[in-house]
Amino acid sequence: MDFNLTEEQQMLRDGARRFFREHYAFGQRRALLASDAGLDPACWARYAELGWLALGQPEALGGWACPFVETAILLEEFGRALALEPFVSNVVLCGRVLGCCGSTAPGSAVLQEMMVGRTRLALAHEEPGGRYDADCPAVLATRSGEDFLLRGTKCCVLDAPAADRLILSARSAAGDVFALFLVDAAAPGLRMNSYPLVDGTRAADIALDDVRVPASCLLASGAAARDLLQEALDRATLARVSMALGAMESVLQMTADYLKSRVQFGQPLGRFQALQHRLAEMFVEVQETRSILCCGLAHLDAEGAQRNAMVSAAKVVAVNAARIVGGQAIQLHGSIAMTNECAASHYYRHLLAFEKIHGDADWHLDRFARLRETHAAVTHP
Amino acid sequence: MIDLLASEAEQQIIDSVAGFLAEKFPVTRLRPGSDGERRMEAGLSAEHWRDIASLGWFGLGIPEEQGGAGDTVIAEMLVAREIGRCAVSPSIAATIAAGHLAALAGSELLAGLMAGEHRVAGAIRLHAASDEFHLIDARGADYILVVDGMQARLYDAAAFADVRRVISLDDAVILERAHLAAGARPTVQDAGSNIGRRVSLYNSAQLLGVAEAALKLAVEYAGVREQFGQAIGSFQSIKHRCADMAVAAEAAFAQVFFAGVSQASGQPDAAYQIAAAKVTSAGAALANARSGIQIHGGTGFTAECDAHVFLKRAHLLGQLGGERHWIRETLLTQALDDRVSLS
Amino acid sequence: MQLSHTPEEEQFRAEVRAWLRANVPRGKRPRTGLALREYDLEWQRRQYEGGWAGISWPREYGGRGLSLMQQVIWYEECAAAHAPVGGSTFVALSHAGPTLIVCGTEEQKRFHLPKILKGEAVWCQGFSEPNAGSDLAGLKTRAHVEGEHLVVNGSKIWTSYAALADWQELLVRTDPGAQRHKGLTWVICDMHAPGITIRKIPTMSGTGNLCQVFYDDVRLPLANVVGEVNGGWDVSMTTLGFERGTAFIAHQIHLASTLEKLHVMARDLRGPDGRRPAIEDGAVADQLLNLRAEVAALRAMTYLSVSRGARQAVPGPEGNIIALCYAELSQRIYAFAVELLGNEALEMHDENPDWLTDYLDAFKNTIAGGTSEIRRNVIGERLLGLPRGGR
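Protein chains in written order, with the numbering used here: chain A, 38 to 418; chain B, 256 to 598; chain C, -14 to 376.
None of these hints come from the bench; they were simulated from the model.
Where is the CB? At the ideal position from N, CA and C, for every residue including glycine.
A few of these clues could be false.
[To be verified] Below, in silico cross-link-like pairs of lysine to aspartate or glutamate (EDC-like), each with a Cα-Cα straight-line distance of 16 Å or less:
(1) K246(C) to E324(C)
(2) K185(C) to E378(A)
(3) K100(C) to D201(C)
(4) K103(C) to E45(C)
(5) K471(B) to E366(C)
[Said to hold, decoys possible] Away from chain B, derived, C-beta distances all over 10 Å, residues of chain A:
(6) R55
(7) C137
(8) E340
(9) G341
Given these sequences and hints, build the entire structure.
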């Protein structure tokens, strides 16, 4: 395995880093957080122009076919900049689901619109009390002539407030079959209750009261649909590990700079051993996260159970690191880190949200353990 | 009224016990001599046992009307804490507890136990469903004290068969394995949990002693050992580690003796406090012993430094006096209302 | 060592319990602003009218003159009755009041102490500065004597409730030529005096009580100086001694009841496997068990400080041990809460209980009033006798 970046990958990383440095200063982020939309439509348009929204999509649909490593590289920069735009929901989650449904499927037109930045998507999967694995959604899809009627509740749908369409998991009343639907966010009977998450991004609880969708909006059903969703969620999990890694690297750098410049007792804080050692521990955590991310990326195309296991391992290691790096960044900055004016608190909240999205450490540890039991032969490359 | 500081009388007990142990059982006794052999054998000789009995420890907490000194469980815990500091045999605490068991049951064994004529050793059941035990310093013991949950039973040593010595992690004690004969009946047993609680308190007090002794040793070393032209204790990484050890020792001290006074004054939440004392003291002993080794650096890894004694004793005592299952039950099922108020 | 309940204590507890049952405010406490000030002062007023203000303060200044143990009983019962803890009256009751009792002039005591007890005044602290946090003695806010006044110029930061406060315990440099710890003065600052500007600093938990205060030729009467001019370091060490010693008793006891709420939550919420109650999960049970043992030990340590308090007038450096324990344990407890909540913890909306805010707020516990690093220095140097300095 070659861990060095290709020339194209380096260009992607450098370009993204430059873009965020020039267009995504911390002050702008704070203004966006206070805005209604909670994201920057101009930036979203730029992402489309740069081709980022088409990343990893089949060329047949106008996408930018490339391995997932590119996505990870780009998301590391998103994390570094704490960019608020819903890249993972759109490109990694919904984009993957639509992209895998084939070019003639009903979603391909929507996918093409998403890639050029004209439409935004969100995945509505989690349900109240579901605790991450809603294998059998309670949202019910009932046949009504040529259409389906959807009824039930989804919760904590990330990035839903800014989405035009939703990909929604449901269970068909006839035969208990798992199904994925494409639903208009403004459809009659669909109510959205929006709120900010702890990191300032937006989510919504969604109530569906006999929302009518044409049969053509049934994207996939049965075991294939479930596998498809699971794979997309694994990729999203890894994508967010990548973001968290970028965030951790950035806040680590910021903390190191602070320790070098802040003077107390007549010397820079960085001269105090207790603080030096803390910084060294943070550094080790970040390196561990990078290693486990590489391992996860290497297993992304492996068969289901093995992929699941390595993605879960990556998440668990990254969460552990995020707690240490995020928490120590605050402690080492002192009081100033408690304020909204200091980026350390923003990084912390980003990392806290990361912990909980797409399964927390407990859930992933549990999944990892189960898979290790049933597939004792999960081997490291 | 609450007071967790030693009274004058209690301080006298501490001083006399500490003085005796420093003379007869300094931790340095466990160091290898120039020939690689230790200066003192593991376990306790009959002579040592007589010396200890003559100090009156075995009757310290026995009511006066039964021939004891009529002191509190606190006094006994203060003795146990000093025993822990010097890593002396846990069978002393087992014998003190057995005395109470005999006193409670009105058994004629009491006089012999107080006089040092009968010797008792503690035992740990290998696991809940097993009839096999680890015996600790049972050579020369007449009786074996077994505690299941909080149920204390005293068996004749002859009830244990297939006794074979195994190599002990804590080489200051003699460790043996043995089977309790099927159908063996205890000589004395406690219908309630009084003795079990005492065993746990004595044990926690020993663990506290271990935590405190490990701290003391580390701080002394950090104050004299120089590197880069200054005492290593002036470096924050060492100083802060010592501070953490002090915090652990103080938390253990407070909780262990709060549990003691709770038991002595018959508080309804005494069992809860005793369970918490075991968790706190065992954690402090282990953490401090580990840190102590690290602070001593290379020498901490050798048998010529006493730091390892505390690590091994922490592991041994961690298995005694308040099993994990009982602690889990006690700490997880009790609701706050039973214990928030002192009344 | 002993534990016994004197009939006097038993009766005291019964009285406290009965009174609290009837008088603890039921409404949710506002998190910020004048509404918070009013809520806190109203609660203090009610305690005063009920005869419960200043339980351990001397009678001559309106207190009850009762023992530290009775104060502990009061706090325990408050926690059991879910009475509000801390808040905007904290500095007045736990810092400024006790400091004035020890170091204030008769006139200062007669004027300020009754106001504090009656719930007529909010105090804030003015020690830290942008460039003097851990290194308090490096503070630069200047004051010079002009006739009967001190004239103050500079800025203080991390002042909780400054925008709601009437008075401030302000530490300023009055002799710039003197060595660091000398030349400081502890003065009572009128927060409504001309020349004071207050900037609110939003925090990551979303609460808005943190401020920076600017002083532009603020004139304070010399009669407001507590202790001697240039003798402020000793006075401030008294204040901080209270902060590290007895001031947090209420918080410690409150933390115990917080953990009990989590105990209930662990029974009610579904665990990581999505099926069984969380408490049946091995890892959750282990964490809970250890946290309960730690909270028990924290309570025992509180009793240990009470025992020490009975033998010494001003708390010693031992207070750092319990303060350090409290700070780090509180963070572990709120982190456990966030873990128990699963992805519920993501949502920052009003229906969510205060767990998330409390969790984020708890980060200040290892920073404010002496960082954990500074506390470890003090424990190492003053309690263990390790050499000072180094790095």
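Consistency of the hints with the structure:
1. K246(C) to E324(C): holds (14 Å)
2. K185(C) to E378(A): holds (11 Å)
3. K100(C) to D201(C): violated (27 Å)
4. K103(C) to E45(C): With Cα atoms ~14 Å apart, K103(C) and E45(C) stay inside 16 Å; holds.
5. K471(B) to E366(C): Distance of about 14 Å is within 16 Å: holds.
6. R55: holds (39 Å)
7. C137: holds (47 Å)
8. E340: holds (40 Å)
9. G341: holds (37 Å)
Hint 3 from the list above is the single one not met by this structure.
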